[in-house]
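Start from chain A and add chain B according to the hints.
Going down the list, the sequences are from chains A and B. Residue 183 in the numbering used here is what sits at position 183 of the first sequence, and the numbering runs on without skipping anything. Residue 267 in the numbering used here is what sits at position 267 of the second sequence, and the numbering runs on without skipping anything.
In case anyone wonders, no lab produced these hints; they're calculated from the structure. Wrong hints could be hidden among the right ones.
[Unchecked claim] Non-contacting residues of chain A with respect to chain B, defined by C-beta distances greater than 12 Å in every case (computed):
| hint | residue |
| --- | --- |
| 1 | R86 |
| 2 | P88 |
| 3 | L93 |
| 4 | G113 |
| 5 | R115 |
| 6 | V116 |
| 7 | A143 |
| 8 | V144 |
| 9 | G150 |
| 10 | F210 |
[Claimed, not checked] Restraint-style ranges between C-beta atoms, simulated for each label pair:
| hint | chain 1 | residue 1 | chain 2 | residue 2 | range |
| --- | --- | --- | --- | --- | --- |
| 11 | A | V45 | B | E282 | 41 to 49 Å |
| 12 | B | K281 | A | G180 | 47 to 55 Å |
| 13 | B | N220 | A | P62 | 36 to 44 Å |
| 14 | A | N218 | B | E282 | 43 to 51 Å |
| 15 | A | L176 | B | G274 | 24 to 32 Å |
| 16 | A | A114 | B | A147 | 51 to 59 Å |
| 17 | B | S258 | A | S105 | 45 to 53 Å |
[Unchecked claim] Below, in silico cross-link-like pairs of lysine to any residue (SDA-like), each with a Cα-Cα straight-line distance of 20 Å or less:
| hint | chain 1 | residue 1 | chain 2 | residue 2 |
| --- | --- | --- | --- | --- |
| 18 | A | K119 | B | N105 |
| 19 | B | K337 | A | W172 |
| 20 | A | K119 | B | T285 |
| 21 | B | K337 | A | A106 |
| 22 | A | K119 | B | A338 |
| 23 | B | K337 | A | L58 |
| 24 | B | K178 | B | N105 |
| 25 | A | K174 | B | S342 |
| 26 | B | K283 | B | N314 |
Glycine included, C-beta positions come from ideal geometry on N, C-alpha and C.
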Amino acid sequence: MKQLARWCSTLSLALAALAAAAPVHAQNDDQLLPATHSFVSPERVIFEFRGGPYRPNLDGNPSFHNQFGSDTGPLLDIEIDAIAYRLPKILYLTIGGSAGRVAYSAHAFDNTGARVSEKTAFSMIPLAALGTLRFDALARRLAVPFILTGKIGYEWAHWSTSTGTRDDASGWSKGLVYGGEIALDLDTFEPTSARRMDDEWGINHSFVVFEVFHFAPNGKSLPIGDTAWLLGLGFVI
Amino acid sequence: MFAYPQAMMRTLARLLLPLFAVAALVAASVAARPAAAQTTTPTTPMVGTIPVVLLSVGGATYHLSTLSIPLNKAQCDAGAKLSFQLTLPAGGANLGFIQVWQGNNCNAANTRTTTTSTVTCQLLQTFVTSSTDTRVTYSVDPKALCASSATWHLYFLDTASDAASTDEIAKFGQYDLKVDIDPPTPPTGVSGGKGETQIPVNWTAPAGDIYGYTVLWDTNVTAGGSAGTPSIDAGAASDDGGTAAASTIGDDPGCVSSKLRGGVAIDFNHLPAGVGRLDIKEKSTTTSLSADEIGASLNSTVAVAVVALDLAYNPSKLSNVSCVRVVHTLGFWDTYKANGGSADQGCAVSAVGHHAGERSTPASAFTIVAALLGVSLRARRKRS
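Pulled out of the complex, with its shape left as it was, chain B reads as follows:
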């Protein structure tokens, strides 16, 4: 019955491929969603015969999916202790001690006892274990690891004494800990537009890997700048207080914020009163604010600035400060009515409880019909 399956498949594929390409394009365009927030891939936390799991940093429990997030500057500054859980092998726990080393190849005795300019194994801590312990949790003070951004190799050695053993260690666990204390550079070229429910804010990403951004705004601004003469603070590094915002929006006067200053480090735990924030957990360099969201009234001007977060959640200094303007916008329906169109034509109903950003069902409809066609063809093929 299927004497020529390959030929049939080729023919069918040639005829149907363009069709499904169109369907796929439609589905993709309609069902497009903003990119998902970045997630990190867990790393294998142990090497050796003692499994090591990082349980928490500074008391905050680490979820498995965040295991590869580096220790950041805020955690280092706070002296956040690292809590590890070790699963001791049978017969290993009765030796009595666990030594924690950092360096390279620290499970080898000659490496631990030899210090050169390039190889240094440093004993961080020694713990006493009970002979009955099979799973123990230890905290390590990361102070010695927070001096610079690096990947530190931590070795958990099962030893017979609390002295730096000269024996080769057969039972050990290893955990590679990344430390990133260097903040990213601030975003640049922050610019805002005009709108009512979708007021755009755009910026240019800094170099390096970025986890996301925080957009800050200040609604309590004074008029500033001058029409046609944009005066945008460049946001250059300015550790001594930065500069006040001053920018223009097209022909509109700009704004000056006394609270948002370009080039200044932001303390997110103590934001000035009246300053709002929007966290963006993706690499997108554009977002939109609504007047309701930022608490701004029509025909008001709002100062906006952006902070970048790297993969360790280190925040950059504040970008340049720009301004957005809240104005009443006239959409198609407004202009249709203004040109004599009737509001109650076509059984029009006022939309309630639905935001335009939500997608409807056409993509699903196309997908379902395409699937039905495929199922139908397959069923007919089986019958024949």
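In isolation and in its complexed conformation, chain A is listed as follows:
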């Protein structure tokens, strides 16, 4: 139930952001807006704030499930990409990185296999260097509100585990990370608000992102990889 509540909360926040944008032009005095939008601020960086369920697969080792049951985190993550190349209204080529955190906690066992009051925990801090290719031609040229993105990079995930106040082990898992993302472009629904945000704050575009990714640690690493999804918000500034 806690997991469900967490995900409902995350989803509702994203939907709230989407819904909040919708009535804006109805509340404002659109007649006062300039007829054309002559100024567009330069696009330099893309921010994404995401969250989603994550469970390390541990190559099938049942210990995670035995210990933490159905705990799925969540994984909360920030990605920042610098725009290296921009083909206007068609695509972005970016390089950047992401950082996140996910933690799990449960009561430990005693020698008889019964749960005791003392807790055991496992946490990860995934850090990744990423290259991305974003196609926004659909949204910019055809008013179809979707942006498609492919990502590939290398991830260093620091993990640590403890029981009570005793640190049991920690280390780094390294390996390839790749994924695909589909973003719902909010500008398409609210061009007026989008222009205002650019004029006032230099936010060129905003969007709701849904990403599916896979982390594949190399053979020398603790196998904490998995395929998972993330949902969040993104901004081009």
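This is chain B only, laid out in the frame that chain A set:
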């Protein structure tokens, strides 16, 4: 350029609020810390034209932040004298006397000289001052104030004689002194669990304002209780020696302590040998002990009990006595290895010099990135 700032702000706020709400939740959850120890707010110590400051109680210097802590029973029993510092106004010191009264409106002559069933001004002490004194320190024996828990109004009157003056006093100082000699009731429902480095102890707070708790433990216990038949001493007031502890922990045999007895007043200056203590300066009704901290070996049982402290630091009698058991715990890493996981996978390093309770940096990272985003947006706004 900023033709529509309000609209812009609204739009931005709508889009960013959920985002920062998530960031704030993350920061709050990761960076959560136990509540800080309770602090008291200093009260204004003087009313009138003579500033009065309480310097010490029983020779112990009072820090400004503890000015509002009431005088407690231990201090009263010890006859701890109250030391006040008075800053005399110019021209007032040459009158020669300072009278210390307690009561209500004692700066008014008719109140001081009239005693009714409800209004009583009592002269506590008279001091002689030198004509050159501008700042003097006096000690007051609190014996007359320690009869019951109350807030006493002390008046420091600048008078011309050592007799109870009939004149109205224009120059006086006032200090409101709280006395609390009533101890709180003991915590109830103390219960312990099993663990190795975090053995939990929980209890229910007594009624009233509580400053903190002291957890006591005794590692030298004998087996007691019986499986499935908890026999927990209720900790009811028992002034005549209390009762020995006897409780069970799940299916494990419980323990009996000859040193910790529920319902008995504790003399913290003379704790029995082998009894340890942990002071908790907050209202939390849970804590955890480690085997190392209490000096217990694996598979041993330890008796625990709790004493509550009120805002005047009056200790309650001992709560019911419960038991905790020190057992080796198997965490995720133990079960991972037991299921074939390799200890040296992933460049694993044995953790040293770091306790799991310490927090890492992710909350800071999220906060920094959010701040960078804000700064970036603001800079772009200025440029445009």
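Outcome of the hint check:
no., hint, in the structure
1, R86, "holds (17 Å)"
2, P88, "holds (19 Å)"
3, L93, "holds (21 Å)"
4, G113, "violated (8 Å)"
5, R115, "violated (9 Å)"
6, V116, "violated (4 Å)"
7, A143, "holds (20 Å)"
8, V144, "holds (21 Å)"
9, G150, "holds (23 Å)"
10, F210, "holds (16 Å)"
11, A:V45 with B:E282: 41 to 49 Å, "holds (43 Å)"
12, B:K281 with A:G180: 47 to 55 Å, "holds (53 Å)"
13, B:N220 with A:P62: 36 to 44 Å, "holds (42 Å)"
14, A:N218 with B:E282: 43 to 51 Å, "holds (46 Å)"
15, A:L176 with B:G274: 24 to 32 Å, "violated (59 Å)"
16, A:A114 with B:A147: 51 to 59 Å, "holds (55 Å)"
17, B:S258 with A:S105: 45 to 53 Å, "violated (38 Å)"
18, A:K119 with B:N105, "violated (59 Å)"
19, B:K337 with A:W172, "holds (17 Å)"
20, A:K119 with B:T285, "holds (18 Å)"
21, B:K337 with A:A106, "holds (17 Å)"
22, A:K119 with B:A338, "holds (18 Å)"
23, B:K337 with A:L58, "holds (11 Å)"
24, B:K178 with B:N105, "holds (17 Å)"
25, A:K174 with B:S342, "holds (16 Å)"
26, B:K283 with B:N314, "holds (15 Å)"
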